[in-house]
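Input sequences plus hints: build the corresponding full structure.
The listed protein sequences derive, respectively, from chains P and B. Under our numbering, the very last position in the first sequence is 217; numbers go up by exactly one each time. Under our numbering, the very last position in the second sequence is 217; numbers go up by exactly one each time.
No lab work stands behind these hints: they were computed from the structure. Any given hint could be a false lead.
Identical copies look the same in the list; a pair holds intra-copy or inter-copy alike.
As the list claims (entries may be wrong) - Taking lysine-lysine pairs in the DSS-like style, the calculated list, with each CA pair at most 27 angstroms apart, reads:
1. Lys-46 <-> Lys-144
2. Lys-144 <-> Lys-125
3. Lys-144 <-> Lys-119
4. Lys-144 <-> Lys-175
5. Lys-46 <-> Lys-119
There are 2 protein chains.
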Amino acid sequence: MTITITAFESSPDGGRGLARDTRVRWALEEVGLPYAVRLVSFGAMKEPAHLALHPFGQIPTYEEDDLALFETGAIVFHIAAHHAGLLPEDGNARARAITWMFAAVNTVEPPILDLVTAKILERDKPWHAERLPLVEDRIRGRLKQLSALLGDADWLDGTFTAGDLMMVSVLLRLKLSGILNEYPNLAAYVARGESRPAYQRAFAAQLAVYTGKSTSG
Amino acid sequence: MTITITAFESSPDGGRGLARDTRVRWALEEVGLPYAVRLVSFGAMKEPAHLALHPFGQIPTYEEDDLALFETGAIVFHIAAHHAGLLPEDGNARARAITWMFAAVNTVEPPILDLVTAKILERDKPWHAERLPLVEDRIRGRLKQLSALLGDADWLDGTFTAGDLMMVSVLLRLKLSGILNEYPNLAAYVARGESRPAYQRAFAAQLAVYTGKSTSG
Numbered sequence: 001m002t003i004t005i006t007a008f009e010s011s012p013d014g015g016r017g018l019a020r021d022t023r024v025r026w027a028l029e030e031v032g033l034p035y036a037v038r039l040v041s042f043g044a045m046k047e048p049a050h051l052a053l054h055p056f057g058q059i060p061t062y063e064e065d066d067l068a069l070f071e072t073g074a075i076v077f078h079i080a081a082h083h084a085g086l087l088p089e090d091g092n093a094r095a096r097a098i099t100w101m102f103a104a105v106n107t108v109e110p111p112i113l114d115l116v117t118a119k120i121l122e123r124d125k126p127w128h129a130e131r132l133p134l135v136e137d138r139i140r141g142r143l144k145q146l147s148a149l150l151g152d153a154d155w156l157d158g159t160f161t162a163g164d165l166m167m168v169s170v171l172l173r174l175k176l177s178g179i180l181n182e183y184p185n186l187a188a189y190v191a192r193g194e195s196r197p198a199y200q201r202a203f204a205a206q207l208a209v210y211t212g213k214s215t216s217g
Numbered sequence: 001m002t003i004t005i006t007a008f009e010s011s012p013d014g015g016r017g018l019a020r021d022t023r024v025r026w027a028l029e030e031v032g033l034p035y036a037v038r039l040v041s042f043g044a045m046k047e048p049a050h051l052a053l054h055p056f057g058q059i060p061t062y063e064e065d066d067l068a069l070f071e072t073g074a075i076v077f078h079i080a081a082h083h084a085g086l087l088p089e090d091g092n093a094r095a096r097a098i099t100w101m102f103a104a105v106n107t108v109e110p111p112i113l114d115l116v117t118a119k120i121l122e123r124d125k126p127w128h129a130e131r132l133p134l135v136e137d138r139i140r141g142r143l144k145q146l147s148a149l150l151g152d153a154d155w156l157d158g159t160f161t162a163g164d165l166m167m168v169s170v171l172l173r174l175k176l177s178g179i180l181n182e183y184p185n186l187a188a189y190v191a192r193g194e195s196r197p198a199y200q201r202a203f204a205a206q207l208a209v210y211t212g213k214s215t216s217g
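In structure tokens:
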């Protein structure tokens, strides 16, 4: 089995690991699968060859023999479903881990994406500064609930799962904003994720692309 | 097996079926599973009893014997994974259908949610009218790509799957805005979803709650 993913040729975040290929790299590292990386320029992402793999013109994509997938959550799920290490064997625990995958991308990430969008696409608007606190407060609403649920547990539902991988990845987007630190148990949760050897390898691999080192994990 | 889901006691949309319990009802109807409904008031949704089922204080939740789930995408996936009718048997086709489930909630729904949020939470702001077209254009960006991918096909990847169920449900939120009609093949795709007998039963069941009829499907 040969796995090839795509990643940005030029890092939009200077190699801080916030591009979504890091989530896929992390999943592949957790289950111990080797993979190759094909770099795509911003221009090429909107060309027919890439759109055939990813109809929304984004990265990452995932190719494994005759299977081609896009959408980070789906790729991480596919990896987790076929290789031990990211989803519990027990059916109920497995369903709950998948629940956290969806909760990460559909409940926690949208207000965070809204903040990213506001900061990038609306920063020149006269009302930008007035609107930002509204967006941040919607994020706080979610984080408060998540923080209450996590309590002093290490992970969202017992052992580390693909649900934690997705949730930590989503929360990582907030690191620079300072909002994450308002919830010490969530900041510690994210740090716990980042300290996993598999995450460290994934982070180093994405950074190496932009510092001229190897592009394969 | 007894399945119980939760739904709003008072409809925020006047029974138009946009609350997320409709998605779960639809999935249950597609696979032919009976279910019971427990109605929850807006106040009770933030109380400990409901938060124990749904840490973000929303509906729907899903209870099946000793399993409790929240997050619509995860519930629909659980139903689809365990009952024939919503996911292909072939492994690759199944992975692609799951890809569309994630694409619906993580790529297409966020800008649509942003529009809903703007219309509800920011309508009293002086810049509301100026910002709305920006949000709508971000939605158009996604719909244009989705429309190009769908072309003149009936469904996103061959036969109807849980990916279509989720995508149609997400696009339904746009019906009143008029934006959907700018993409005739997407409007027809949504209408195709709505015309499915299972959707019709799900819609009727959610509407019956608010017109005083039965609360069980």
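Each hint, compared with the structure:
no. : hint                : result
1   : Lys-46 <-> Lys-144  : between (38 angstroms within a copy, 13 angstroms between copies)
2   : Lys-144 <-> Lys-125 : between (29 angstroms within a copy, 25 angstroms between copies)
3   : Lys-144 <-> Lys-119 : both (22 angstroms within a copy, 24 angstroms between copies)
4   : Lys-144 <-> Lys-175 : within (16 angstroms within a copy, 33 angstroms between copies)
5   : Lys-46 <-> Lys-119  : within (23 angstroms within a copy, 31 angstroms between copies)
When the structure is compared with the earlier hints, no violation turns up for any of them.
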